[in-house]
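Colleague: Please put together the full structure from these sequences, using the hints given.
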Amino acid sequence: MSSPVDQAKNAEAFLADTAHEARLDKLLWAMRMRRDAAARLVPEWEELRTLASEIKEHTLSNLAQYLIQFEARATANGIIVHWARDAHEHNQIVYDLLAEQGTDILVKSKSMLTEECELRPFLERRGIRVTETDLGERIQQLDDQPPGHIVGPAIHKTNKDVAVLFSQKYGSDANNEDTAYLAGVMRENTRPDFLHAPAGMTGANFVVAETGAIVVATNEGNADLSANTPQLHICSVGIEKIIPTTESLGVFIRLLARSATGDAITQYTSMFRGPRKGAAMHVILVDNGRSARLGMQRFWHSLKCIRCAACMNTCPVYRRSGGLSYGATYMGPIGIIMMPTFELRKYSELPFASTLNGSCSNVCPVKIDIHEQIYGWREVMEENDQIQVVKKEAMRIADEVLSHPTLYQIATATLSTALEVLPHFAIYNRLNAWGKHRDVPEAATKTFHEWYRNNRPRTNEVDR
Amino acid sequence: MSSSQALSRNTILDSVRANQPAARSMPIIPHFHTNKPADLVATFSQSIARMAGVVVTEHVPDFDSFLRTKFSDAKVICSAIPEYAGTIKPASLNHWSEASTIDVCVLRSPMGVAETGSILLSDLELQVNTIAFLAHDLVVLLDPKQIVGNIHDAYEHPYFKLRSYSVLMTGPSGSGDIGGIVVHPAQAAKTLTVLLSPAPDAVQRAG
Amino acid sequence: MQVALMIPCYIDMFYPRVGIATLGLLERLGVEVVYPKKQTCCGQPMANSGCYEEARATEEHCARVFGSFDCVVTPSGSCTHHIRNKFTAGADSPEKQNLVRNTYDLVEFLHDVLKVREFPWATFEHKVALHTSCSAIRGLNMASMSERVHDPVFSKPKALLCGVPGIEFGEFERVDECCGFGGTFAVTEEAVSAKMGYDKLAFMQKASPDCIVSSDMSCLMHLQGCARRQKQDVPFFHLAEILNGVSL
Numbered sequence: 002m003s004s005p006v007d008q009a010k011n012a013e014a015f016l017a018d019t020a021h022e023a024r025l026d027k028l029l030w031a032m033r034m035r036r037d038a039a040a041r042l043v044p045e046w047e048e049l050r051t052l053a054s055e056i057k058e059h060t061l062s063n064l065a066q067y068l069i070q071f072e073a074r075a076t077a078n079g080i081i082v083h084w085a086r087d088a089h090e091h092n093q094i095v096y097d098l099l100a101e102q103g104t105d106i107l108v109k110s111k112s113m114l115t116e117e118c119e120l121r122p123f124l125e126r127r128g129i130r131v132t133e134t135d136l137g138e139r140i141q142q143l144d145d146q147p148p149g150h151i152v153g154p155a156i157h158k159t160n161k162d163v164a165v166l167f168s169q170k171y172g173s174d175a176n177n178e179d180t181a182y183l184a185g186v187m188r189e190n191t192r193p194d195f196l197h198a199p200a201g202m203t204g205a206n207f208v209v210a211e212t213g214a215i216v217v218a219t220n221e222g223n224a225d226l227s228a229n230t231p232q233l234h235i236c237s238v239g240i241e242k243i244i245p246t247t248e249s250l251g252v253f254i255r256l257l258a259r260s261a262t263g264d265a266i267t268q269y270t271s272m273f274r275g276p277r278k279g280a281a282m283h284v285i286l287v288d289n290g291r292s293a294r295l296g297m298q299r300f301w302h303s304l305k306c307i308r309c310a311a312c313m314n315t316c317p318v319y320r321r322s323g324g325l326s327y328g329a330t331y332m333g334p335i336g337i338i339m340m341p342t343f344e345l346r347k348y349s350e351l352p353f354a355s356t357l358n359g360s361c362s363n364v365c366p367v368k369i370d371i372h373e374q375i376y377g378w379r380e381v382m383e384e385n386d387q388i389q390v391v392k393k394e395a396m397r398i399a400d401e402v403l404s405h406p407t408l409y410q411i412a413t414a415t416l417s418t419a420l421e422v423l424p425h426f427a428i429y430n431r432l433n434a435w436g437k438h439r440d441v442p443e444a445a446t447k448t449f450h451e452w453y454r455n456n457r458p459r460t461n462e463v464d465r
Numbered sequence: 058m059s060s061s062q063a064l065s066r067n068t069i070l071d072s073v074r075a076n077q078p079a080a081r082s083m084p085i086i087p088h089f090h091t092n093k094p095a096d097l098v099a100t101f102s103q104s105i106a107r108m109a110g111v112v113v114t115e116h117v118p119d120f121d122s123f124l125r126t127k128f129s130d131a132k133v134i135c136s137a138i139p140e141y142a143g144t145i146k147p148a149s150l151n152h153w154s155e156a157s158t159i160d161v162c163v164l165r166s167p168m169g170v171a172e173t174g175s176i177l178l179s180d181l182e183l184q185v186n187t188i189a190f191l192a193h194d195l196v197v198l199l200d201p202k203q204i205v206g207n208i209h210d211a212y213e214h215p216y217f218k219l220r221s222y223s224v225l226m227t228g229p230s231g232s233g234d235i236g237g238i239v240v241h242p243a244q245a246a247k248t249l250t251v252l253l254s255p256a257p258d259a260v261q262r263a264g
Numbered sequence: 070m071q072v073a074l075m076i077p078c079y080i081d082m083f084y085p086r087v088g089i090a091t092l093g094l095l096e097r098l099g100v101e102v103v104y105p106k107k108q109t110c111c112g113q114p115m116a117n118s119g120c121y122e123e124a125r126a127t128e129e130h131c132a133r134v135f136g137s138f139d140c141v142v143t144p145s146g147s148c149t150h151h152i153r154n155k156f157t158a159g160a161d162s163p164e165k166q167n168l169v170r171n172t173y174d175l176v177e178f179l180h181d182v183l184k185v186r187e188f189p190w191a192t193f194e195h196k197v198a199l200h201t202s203c204s205a206i207r208g209l210n211m212a213s214m215s216e217r218v219h220d221p222v223f224s225k226p227k228a229l230l231c232g233v234p235g236i237e238f239g240e241f242e243r244v245d246e247c248c249g250f251g252g253t254f255a256v257t258e259e260a261v262s263a264k265m266g267y268d269k270l271a272f273m274q275k276a277s278p279d280c281i282v283s284s285d286m287s288c289l290m291h292l293q294g295c296a297r298r299q300k301q302d303v304p305f306f307h308l309a310e311i312l313n314g315v316s317l
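First to last, the protein sequences are chains A, B and C.
Here the working numbering runs 1 ahead of the position in the first sequence, where the first position is 1.
Here the working numbering runs 57 ahead of the position in the second sequence, where the first position is 1.
Here the working numbering runs 69 ahead of the position in the third sequence, where the first position is 1.
If you are wondering where the hints come from, they were derived from the structure by calculation, not from laboratory data.
Careful: at least some of the hints might be erroneous.
[Unchecked claim] Derived pair list, reagent style DSBU-like, types lysine-lysine, alpha-carbon separation capped at 35 Å:
{"no.": "1", "chain 1": "A", "residue 1": "K437", "chain 2": "C", "residue 2": "K300"}
{"no.": "2", "chain 1": "B", "residue 1": "K93", "chain 2": "A", "residue 2": "K368"}
{"no.": "3", "chain 1": "B", "residue 1": "K247", "chain 2": "A", "residue 2": "K278"}
{"no.": "4", "chain 1": "A", "residue 1": "K170", "chain 2": "B", "residue 2": "K247"}
{"no.": "5", "chain 1": "C", "residue 1": "K184", "chain 2": "A", "residue 2": "K368"}
{"no.": "6", "chain 1": "A", "residue 1": "K27", "chain 2": "C", "residue 2": "K155"}
{"no.": "7", "chain 1": "A", "residue 1": "K347", "chain 2": "A", "residue 2": "K10"}
{"no.": "8", "chain 1": "C", "residue 1": "K196", "chain 2": "C", "residue 2": "K300"}
{"no.": "9", "chain 1": "B", "residue 1": "K93", "chain 2": "A", "residue 2": "K305"}
{"no.": "10", "chain 1": "A", "residue 1": "K447", "chain 2": "C", "residue 2": "K300"}
{"no.": "11", "chain 1": "A", "residue 1": "K161", "chain 2": "B", "residue 2": "K247"}
{"no.": "12", "chain 1": "C", "residue 1": "K275", "chain 2": "A", "residue 2": "K161"}
{"no.": "13", "chain 1": "A", "residue 1": "K447", "chain 2": "C", "residue 2": "K225"}
{"no.": "14", "chain 1": "A", "residue 1": "K437", "chain 2": "C", "residue 2": "K155"}
{"no.": "15", "chain 1": "B", "residue 1": "K132", "chain 2": "A", "residue 2": "K278"}
{"no.": "16", "chain 1": "A", "residue 1": "K10", "chain 2": "C", "residue 2": "K300"}
{"no.": "17", "chain 1": "A", "residue 1": "K368", "chain 2": "C", "residue 2": "K155"}
{"no.": "18", "chain 1": "B", "residue 1": "K146", "chain 2": "B", "residue 2": "K202"}
{"no.": "19", "chain 1": "A", "residue 1": "K278", "chain 2": "B", "residue 2": "K202"}
{"no.": "20", "chain 1": "C", "residue 1": "K275", "chain 2": "A", "residue 2": "K10"}
Modeller: Structure representation (structure tokens):
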């Protein structure tokens, strides 16, 4: 059994690199400000959020019916629909399609689902060469690092980091940090792959049941290329991405880009309803724990997520920790409430990587009660014995003292006893942690309780 | 469907049915027409400019000379519109990958969206889907009378229920993945110029 | 009018002056204050740590101590938020339901119940950097949230402080970004917590305030700890102290 991801320790390491941390924090706060500016221009913003939430709740509560409808319509359009219960089955289906076509090259656009399924290593072990075509994903692929953010996978890297990486992998100029130059290096090196790849893969932002269509939103146009150039287009999508109608799409498209980057829309918002003449299109509907999550009374709302990353941009903890600190496919606030459903023990510490400030819930375009779910997961961790024994014991002592006034008053009579008992500071295996970067508050010479006894008539002191 | 696929399908659907929360109703979706801008052309122009697209609102008497001036280095001009010849037509491409030789691609879009500065294209206009993505520069003709107010209006277009491929395209391709600064181009067109020009008399909303 | 005064455990131990100021302020406003001497804590530190079972006895004790009063006032947004919105570890009882219904943060009590807006006994001719806790903003709706861009801008703590002659407010960026305290988060994610505190102070300092004020002492305890470590000697006050007439 693996030990839990120590997000706090990873965050501390990230913070030690002050230049990278300051830059990420500033950049993503600017993204949050852009989101605010975009929302201000839409008078009906809050109404759109409510509509989006209600549409998703309706769909998820009728999911079986919509999945069947999508399958029927897509099939009638000439799309071949597959079903994958878990990551392994998904990966096998992809591999079998490639093998059937006799290809060992795949171009793909960004899909967090394929990261979740660990598709790339699966295919690479079987001799398939996979080229990520999203700029951020490609940077991370070349650097052998997972994505650090679900919209900008390499957003934590500086221009210099990318220039050095590209010079190593592409032979470009290590000293040219100009963003346009670097984007040009990517374009030059990816274009040949587009022109020759027999197979291309995309994810999908939305799946429209009524018309059997998938919708992909990108800035680069790489999804359109990945789908329109090869003979074989494979689209992998989680079952929770379904929406009922084309009309409902309007609500989500107006919220997605504004929440993610502050633009009104992405450069390419594309709909694929069927294969091109002479080509094939496959859609793989993936469960991988989603149907089980649907039955979690407190947590199923996390399935409404449209992957905009607004929660990450606003989260003060994410911005100081860096996305890689979570050790997870999905990070930041949405990651905290999703990852424990994949592996409870591995992600048992994530719910504590939060101050419960609630900003995330306010920016979520589909009104997921993220910070309430984070609190809920803390209780689940206790119920499942995932809380460290030392911490639990310290809390038990605290509860003992704090439920007995006499014990409490004795404990608070001296500072040192109080510090040992009261759980705010310096407890369990992180003794003196408070004092690492902060001064400890000075104890008053008298508690309020003592002051009151000495300064106010007994009649106002109630014997309760 | 193979038996293993049937098993997967049924397992998933059974699990979904067993876990679905109590049914909630679908809301009625307003189209927010009360917020429609008075001047759709002006709003469209502002929106597309924010995404690095260019709009030409003045009448262009000689289209060929306009193109030759704007794209003086262009050798291959692919025209997907009947009223302009260009140097090649999409039909003349033997293989979709040949679209990468196109310098300028000329298209007509059946709809623009003022809210976002988007133009609609589908496999019908493109004929070969890749021409809009492998070409270096795009010039798109758009009838200003075919600019709709917002995205809700846009999704009423029949293409979304009929075409196998359709795209709302907004400006040239870009990426903000490095340092959050958006640069152009990324993988697809380097520039996008929209020319406001009334549509020919042919049926515009062809399905 | 009679209220029961709830003094959070950390104020009892480290900042009794805040309790004294709260009491003095309420008395000046003609409120009859009783102080249940067996009070200890609301259970929040354990409950927020996920140690739900270990909050039970404390929460039940709190309900017994305070559950028979019509009005309970506490100078702590986080304790009020916990009692009003998350008081679920203990067994249900009429006293518990009563407590949940009748607990007010001091700011809420002054602003919404007493509706007082003037504090003529106080003057404070200084510039303050006002910090409002996340519990107060998003848990108790005591001020507007910057994410909700169409909501009218308001702040109950600020409205009260405006009633103190001479007071001036320093404007600073990221006004409602979390300060980083977060309860046991301050210890379990110490590095991130401290960085958030340092950053918050840096934004506030750009406004050159004479002092930093909040209606939540837990945030100030954390920010003061950060400030002192950085050898900044900017004073910190609870809102109750300003309204009661403290001088710098």
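Colleague: Between K27(A) and K155(C), does the CA-CA distance stay at or below 35 Å?
Modeller: holds (33 Å)
Colleague: Hinted pair, alpha-carbon criterion (35 Å max): K437(A), K155(C). Please report holds or violated.
Modeller: Distance of about 31 Å is within 35 Å: holds.
Colleague: Hint check: K93(B) vs K305(A), CA-CA at most 35 Å. Holds or violated?
Modeller: holds (29 Å)
Colleague: Assess, step by step, whether the Cα of K146(B) is no farther than 35 Å from the Cα of K202(B), and give holds or violated.
Modeller: holds (27 Å)
Colleague: Holds or violated: K10(A) and K300(C), Cα atoms, limit 35 Å.
Modeller: Holds, at roughly 26 Å.
Colleague: Checking one constraint from the list: CA of K447(A) to CA of K300(C), max 35 Å. Satisfied?
Modeller: holds (26 Å)
Colleague: Straight-line Cα separation of K447(A) and K225(C) no greater than 35 Å?
Modeller: Roughly 31 Å between the alpha carbons, so the hint for K447(A) and K225(C) holds.
Colleague: Can you confirm whether the C-alpha distance between K132(B) and K278(A) stays at or below 35 Å?
Modeller: holds (29 Å)
Colleague: Given the proposed pairing of K170(A) with K247(B), does the C-alpha separation stay at or below 35 Å?
Modeller: Holds - the C-alpha atoms of K247(B) and K170(A) are around 24 Å apart, at most 35 Å.
Colleague: Quick one, are K184(C) and K368(A) close enough, alpha carbons at most 35 Å?
Modeller: Holds, at about 33 Å.
Colleague: Would the pair K368(A) and K155(C) pass a check requiring their Cα atoms to be no farther apart than 35 Å?
Modeller: Distance ~20 Å between K368(A) and K155(C) Cα, so the pair holds.
Colleague: Hey, K278(A) versus K202(B), does the alpha-carbon distance stay inside 35 Å?
Modeller: holds (32 Å)
In the structure shown, no violation is registered for any of the earlier numbered hints.
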